[in-house]
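Peer 1: With the hints as extra help, turn the sequences into a complete structure.
Here is how the chains run, residue by residue.
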Amino acid sequence: MPVLEPFVRLAAGEDPKEQLAGIAKYVLLPAVAVAIFLAMWSAAAKTIITESGELPSPTATWLAGKELFAMHQQQRADDAAKKQDKLMQAVQFMVDAKKLERRASSANDTDKTTLLSNALILKKKAVQAANYTPTSAPTFVDQIFTSLKTVFFGFILATVIAVPVGVLCGMSSWFNAAMTPFIQIFKPVSPLAWLPLAAVVIIWAYRNSQPGETFFDKAFLISAATVSLCSLWPTLVNTTLGVASVDKDYLNVARVLKLSWWQKLYKIILPASLPLMFAGLRISLGVGWMVLIAADMLAQNPGLGKFVWDEFQNGSSLTYARIAFSVIVIGVIGLVLDRTMICLRNLVSFGNPAAA
Amino acid sequence: MQMLHIGLRAPHHLLLLLLMLASIAGCSSNAITLEDLEAAAAKLEKADEERVVADGETASSPTEESAVTEILNIEKPNLKFGFIKLTDCAPLVIAKEKGYFEDEGLSVEVEAQSNWKILLDRVIDGQLDGAHMLAGQPIGATIGIGTTSPIITAYSLDYNGNGITVSNEIWTKMQENDPELKKPQPKHPISANSLKPIVDQYKRDGKDFNMGMVFPVSTHNYEIRYWLAASGIHPGFYNEQNIQGTVDADVILSVTPPPQMPSTLEAGTILGYCVGEPWNQKAVVDGIGVPVTTNYDIWKNNPEKVFGVSEQWNEKYPNTHIAVVKALIRAGKWLDEKDADGNLVNRQEACQILSKKDYVGADVGVIEKSMLGTFVFQKSDVRPMPDFNVFFDHQASFPHYSDCVWFLTQMRRWGQITEPKPASWYAETAKKIYKPSIYRKASAMLVAEGKVDADAFPAADYDGYREPTSEFIDGNTYDAKDPIGYINSFTIGNKEDSTLEKQ
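Order-wise, the sequence lines are chains A and B. First residue of the first sequence? That's 1 in the working numbering, and the numbers climb one at a time after it. First residue of the second sequence? That's 1001 in the working numbering, and the numbers climb one at a time after it.
FYI, nobody ran anything at the bench for these hints, they're computed from the structure. Every value quoted in this text rests on a predicted model; they were computed, and no experiment measured them. Every residue, glycine too, gets a C-beta built ideally from N, C-alpha and C. Hints may contain errors.
As the list claims (entries may be wrong) - Selected chain B positions facing chain A (Cβ under 8 Å, derived; list incomplete): (1) Glu1038; (2) Glu1045; (3) Ala1047; (4) Asn1073; (5) Glu1109; (6) Ile1118; (7) Asp1125; (8) Gln1127; (9) Lys1357; (10) Asp1358; (11) Ala1444; (12) Asp1455; (13) Pro1458; (14) Ala1459.
Peer 2: Right, here's the structure in full:
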């Protein structure tokens, strides 16, 4: 963290002048830049006003964000209360069912069957009520988690495909030649184009199953598959490059030691190409996060994309403030994901300079 | 009643049991089972008996209890319904928010969908259990316009609720053609007569006259066509090759999503449109267009949206379907509740609920404009329209066969149904799609439970055909029992061989 570094060094008693310059550069300057940006944003918000809406000010955005989190808390509390209610109801259903059963024992034949079947239904209802899950619409916070889940699922799927294919491309120029047309043609395709095709495949795969019976939601898989299709290319290309550019000396050593193909792969090629592979993974995750928002919007998968789309359709006076807030949240999450990948890459790169 | 009684008298026992149940649920990964509940119930009963003995009260004897009636066995208690952000999804939202679904033992999630196509696809492939649909969608899906997959409806969500808006420029030209329109409050209904010379001029200049509607089988498509054709403007035919419906068209109609209507009008891509609320009022508020007529003026109390489920879903979960319709009937009734003076008493609250971000989400003020019984044509022309949104009155929620037949006649009139069909086909198809029997079962149960009066529903001998009516803008008479005659009564539109009437 370059932001904290000058402070730590200052505390450690290093040259104060140099450290103060560091503080000015890494702390003051960005703060001033942010302040200028906020001022410009405020000014723009006062000017950009149309009949159908206006640019939200930073304050409005902040308030909308606070409201979204308050709504989340409220929803959680309501759901918990509802669950309690349902539990109480479940016990009552059970008591009623028992009453009916007792009544049935002294009733005539026709009534008896009805009463017994009613008791059975009440028991079923009791179990359902006891295991009630809230049906409220997902809150903003829920949407963030759904989006993260989707992006990671899609990203892992992409990695599982891209890394082996990339390694093969790097190791064999023949295989690479075969794959090149696909990489070249499919790499620039936008998520909006992949989505309908991903959808038709997923719907075909799930044609015989009812929602709820399957492990994954269709919309979730469509969204995740779209993320994979868009984000696997950087990993693939970088892995190929990494594997192809393994130092010839290493490969000669492998030949001298008479390593088997698998040994060569695990001991030499993979370790040597890891830094570039991780650079690819980092770009892939970034692309995946960017694509996800668009995929969520179209696939109706719950997530930040759907949140933004629903807000856009709402067109209420709060719409633009909420969208602005989500934009900031999306950006911050993207930043955190990127930093995480840099950390991972640094773990495997043997002293390579860590370019931001 | 008995349930509540116990609950109120022995709260501390219940609390104890709750703690016990909660610990069961919390400790193990398994869900709460029947055994857990039985144990809990047994404890509660025992505690209750002891208390009764201690207080010296007599337990109520079984003979005092009500007559034996069957309880509806719900096959699928957890449901997900889709809707589009429009005010006429209100019955679904109200049934959820006012707890009517819960009363039936259903836990329902309602989820906004991004457009009509996705909504329909998701009902067909089972991701949604049911949805707020355009009345034409179950019909189109069943007879195979666009998608083929049988969809049925047992509940009609509302009557009316749409309007036709033209741009300011077209409105000025219409006023020039008809000085009567220059008055602050011109005579209504406004026909497309004054629009005809403008369309003709566009045609002479070789320019397209573009207008928007929301979906090929939407009510809006048939309404704007009806309005145009009533004044001799040809809106174009559909055929096997031309699924845009622009054969012989004077006016080119294209699909535009509802929220984008006003901005598309402002951009000049279209010169007018037919859409549901709040998108006509939005044009007035923003000053970019003038609503010229509502669908109430085109046909008084015309069907608009329905609650659709796939036929397969209904076969699998028949009791669940009845329970859903029961809840929807109560919601519709709540929405149309009136006081002695005939004022709608619950609409204000309904607007508040609909304005929540997970439902329609627009500002309350905008939603209220059409929901509270007035309609703004121009700033100088605000008219009371108490029947602009009807959810329950006039049997609006009953799935009338005649409503289905009307859509079929329009689909044939404009060529979406490509082959001539005999009159019997119209009646049979309506019976395939509209299911009043389910509605009847649900309403009978509500009457038995004392929740709705029996006279709120059509009489038992009602055959599902509304009385023939001539309350149309062109004055034609619609008798659903004579669909061929109705199709042939139009000047513009496909014509049928009159022998089909008797078949």
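Peer 1: Evaluate each hint against the coordinates.
Peer 2: Here is how each hint holds up against the structure:
With 8 Å as the threshold, the beta carbon of Glu1038/B comes within range of chain A, its nearest partner Cβ sitting at about 6 Å, so the hint holds. Hint status for Glu1045/B relative to chain A: holds, with the closest Cβ pair at about 6 Å, below 8 Å. The interface hint given for Ala1047/B is broken, as the beta carbon of that residue sits about 11 Å from the closest beta carbon of chain A, more than 8 Å. Of the supplied interface hints, the one on Asn1073/B holds, with its beta-carbon coming within about 5 Å of a beta-carbon of chain A, less than 8 Å.
For Glu1109/B, the interface hint holds, since its Cβ comes within 8 Å of a Cβ in chain A; the closest pair sits about 4 Å apart. The restraint placing Ile1118/B at the interface with chain A holds, with a minimum CB-CB distance near 6 Å, inside the 8 Å limit. Hint status for Asp1125/B relative to chain A: holds, with the closest Cβ pair at about 6 Å, below 8 Å. For Gln1127/B, the shortest C-beta to C-beta distance to chain A is roughly 5 Å, which falls under 8 Å, so the interface hint holds.
Annotation: interface hint on Lys1357/B holds; nearest CB of chain A at approximately 6 Å, less than 8 Å. Against a cut-off of 8 Å between C-beta atoms, the interface hint on Asp1358/B holds, since the closest Cβ of chain A lies about 4 Å away. The beta carbon of Ala1444/B comes no nearer than 17 Å to any beta carbon in chain A, farther than 8 Å, and the hint placing it at the interface is violated. Given the 8 Å rule on beta carbons, the hint for Asp1455/B is violated: about 29 Å separates it from the nearest Cβ of chain A.
Interface hint at Pro1458/B: violated, since its Cβ lies 29 Å from the closest Cβ of chain A, which is beyond the 8 Å cut-off. Because the closest C-beta pair between Ala1459/B and chain A is about 29 Å apart, greater than 8 Å, the hint is violated.
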